[in-house]
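K.L.:
Using the sequences plus the hints, can you model the full thing?
The listed protein sequences correspond, in order, to chains E and F.
Going by the working numbering, 122 is the number at position 80 of the first sequence; the sequence numbering is gapless.
Going by the working numbering, 111 is the number at position 112 of the second sequence; the sequence numbering is gapless.
Hint data in this document are derived by calculation from the structure and do not stem from the laboratory.
Treat each hint with caution, since some may be false.
As the list claims (entries may be wrong) - Here are the simulated BS3-like pairs of lysine-lysine, each with C-alpha atoms no more than 30 Å apart in a straight line:
id, chain 1, residue 1, chain 2, residue 2
1, E, Lys-133, E, Lys-71
2, F, Lys-306, F, Lys-239
3, F, Lys-246, E, Lys-416
4, F, Lys-95, F, Lys-162
5, E, Lys-85, E, Lys-261
6, F, Lys-246, E, Lys-203
7, F, Lys-26, F, Lys-239
8, E, Lys-285, F, Lys-306
9, F, Lys-162, F, Lys-26
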Amino acid sequence: MDERLPATTREKVLAGRPLDKHEHVEWHKILNERGWYTGHWPKSVGGLGWSPMQRWIFENEIYYRGSPWLIPFGVTFAAPIIYTFGNDDQKARFLPAIKSGDAWWAQGYSETGAGSDLANVSTRGVRDGSDWIISGSKIWTTTAHWADMIFAIVRTRASDKPQAGLSFILIDMASPGVSVEPIVSIDGHHHLNQVFFDEVRVPDANLVGEEGKGWGYAKFLLEQERILAAEVGRCALDLDKVKALIAQPRGIRPPLGEQGIWSRRVAELEVRLTALESTALHMLSKEQSGEEIGVMASMLKLVGSELSQEIDAASLDAINDLGLSADHFGDSSAVSPWARPDRFRDGVIGQYLYGRAATIYGGSSEVQRNILSKTVLDR
Amino acid sequence: MSGLDESELRAFEESVSTFVTKGDAGKSSPREIWQSVADLGWSSLAISEASGGLESGTSAIAIVARNLGEALLETPFISTGVVASIVLDQAQGSVKDPEHIAALLEKVTTGDVVVGVAVEELFGDPAFVQLELGGSAEKPVLDGRSAFVIDAGIADHLLVPAKQADGTIAICLVSSDADGVTIDPASSSIDGRDVRAVTFEGCRDVRCLGAPCAAIENAGIALRLALSAEAIGIMAALNKMTGEYLKVRRQFGVPLARFQVLQHRLVDMALDEQQSIALVERACNVVDAGSDDAMRMVLISRSFTAKAVRRVAEDSVQLHGGVGMTDELAIGHYLKRALVIGAMLGGIDEDLRLLSEQPQRPWFGDTAPLERTLVQPNPATV
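P.N.:
If you want it as structure tokens, here you go:
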């Protein structure tokens, strides 16, 4: 990390500013020199065969040290479904470019009518000879404007049960009929998009696994990913940022950290982050010894996303002098040697604002509690 | 302040609400909206009758602020219509040329003059004052940078505090186009309000209004109440939008409003709004009655409403889901305004700190029973 993470990239990450596509790909390729970006893939498909515990250690270490977000859409979301349920032709066609970072992927799950109720997707695939004709749209597709490929769950058959009749299809973003509309979010940036499919022709060879079984594949993936959803490493870095913010003098005023209420607030966040980390480690060791961890792992996403919002809120409250305006008395360079003082404030506010999405995406907190309530009530 | 009576307030409320919702205020510039406000006579709510104003009390100020907040309108109400009006009006007694200030106040009343105000330095800790007033009493010179001047970008005059050689603070009035005044080209606020940093370099066109006094305290009270009322307007708008959204947005085959967990969330949001309304109304009454309990009630109002409006805004984003995260929807803009309301004047923590320093007061009656027993010596140790 210290030797190879480009300084400008690290500076941007620590200041909470968004990266461009080139910076993400550059970092992907650096990590790929050691096979680390795909360390959790099985050895049979070119990975290092890391256990979930090894992957947990790797991700937390690098996020804590200022790594950019490891874009999961290709490496972590599409690839496992391709190498677990796809055929040899699909593995050969898609995995090498995912591993090398030469293909950027997007995730086509949510739709305007299918948010929390994801099974309600209405994007349709109609068979036409050896092709599928795809029509409809996907929304909240992060970085779709950079994507070469998108994986989508598409309704290929009418069914009484909404979860049945969905298929997992890989679509080339360059296909005629695909268009991307940007969505500007409340932090003023463009991460999100809506992707439209207007009678897009996709070869049957791009349908992964069995037709009509797409929901099961998507669910398999979510279960694989639950433990990592806690993002303890990123939260730890953000908590250190709060500590740095409250340690610096504000103009001629003493640091906030000297007020009991602030040291207590930070200590409480540290307690809760340690509890979350312990829970994740507990589940990882259970999993490692072959025990079934069950649906309770959903609590990691629920607790982790809510805690990360509270850490972001603490940072925000720590810079609240001058009505949060961009000009300020204090020098924020002490926060981190890489942070640009004038931008750090933007980073804190932007991160707080965009961070509001953490309890909405990937199953909102309300949905997570519904899932958990079934298990808790059955105990 | 004398204040309007109940029926006058009700009529006033109706006309402000009509102005904000029926007019095309949303499409106008801050200055154009302010002109319309002045044409209706509401630019002088905080100016005394003796100076030609309406002297209508904080209840009327709160009504305007709440309606502007609900419609998310940008106009120099809190800078010019609240703070500058009160400070200039009460400064007339302490300056050499009261007729100049009187003429300025008249232009405030007609909407022809907007005054940018350095609110953070004016009402915060004097230690934060960055401007220095040098030269002589006859020929003062202003230098330094003021980081948070509300409405400076559209102002004709600026109201800023400056530190003098002896360490005391002087309130200064400066023409915004005077030599040596540089106003930052862009607003530094995240919520769309016009907030500029202003740099003064050897500026000689300075009118000194004297030291901070009761006028500043009164302006600070009215400003905190205006911010609290703005927060109520924001909560009203958000609760309405969120409630309507949950009734039309369908997932799992039913409107989201059918889910009990979301119903309870909406109830909590409504409770925040209702308690804020009650608190601010009471605080305005206490202030307008001239009670010595005014500051305490004002601090309680701002700290409660600022916290409530942030909670309501965050919940509104959550309940709107993905669309709540978009710049296109107003929800996020209300959230940003809510954040700034809570961060101004040193933030909620500063309100609570000041509150803890307020004199003890019995909840009921003239004395607190517990206090009485506590001050009695313990017979065991006598």
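K.L.:
Confirm or reject each hint.
P.N.:
Comparing the hints with the structure gives:
{"no.": "1", "hint": "Lys-133/E to Lys-71/E", "result": "holds, 20 Å"}
{"no.": "2", "hint": "Lys-306/F to Lys-239/F", "result": "holds, 19 Å"}
{"no.": "3", "hint": "Lys-246/F to Lys-416/E", "result": "holds, 26 Å"}
{"no.": "4", "hint": "Lys-95/F to Lys-162/F", "result": "holds, 20 Å"}
{"no.": "5", "hint": "Lys-85/E to Lys-261/E", "result": "holds, 23 Å"}
{"no.": "6", "hint": "Lys-246/F to Lys-203/E", "result": "holds, 25 Å"}
{"no.": "7", "hint": "Lys-26/F to Lys-239/F", "result": "holds, 22 Å"}
{"no.": "8", "hint": "Lys-285/E to Lys-306/F", "result": "holds, 23 Å"}
{"no.": "9", "hint": "Lys-162/F to Lys-26/F", "result": "violated, 40 Å"}
Checked against the numbered hints listed earlier, the structure breaks hint 9 alone; every other hint is satisfied.
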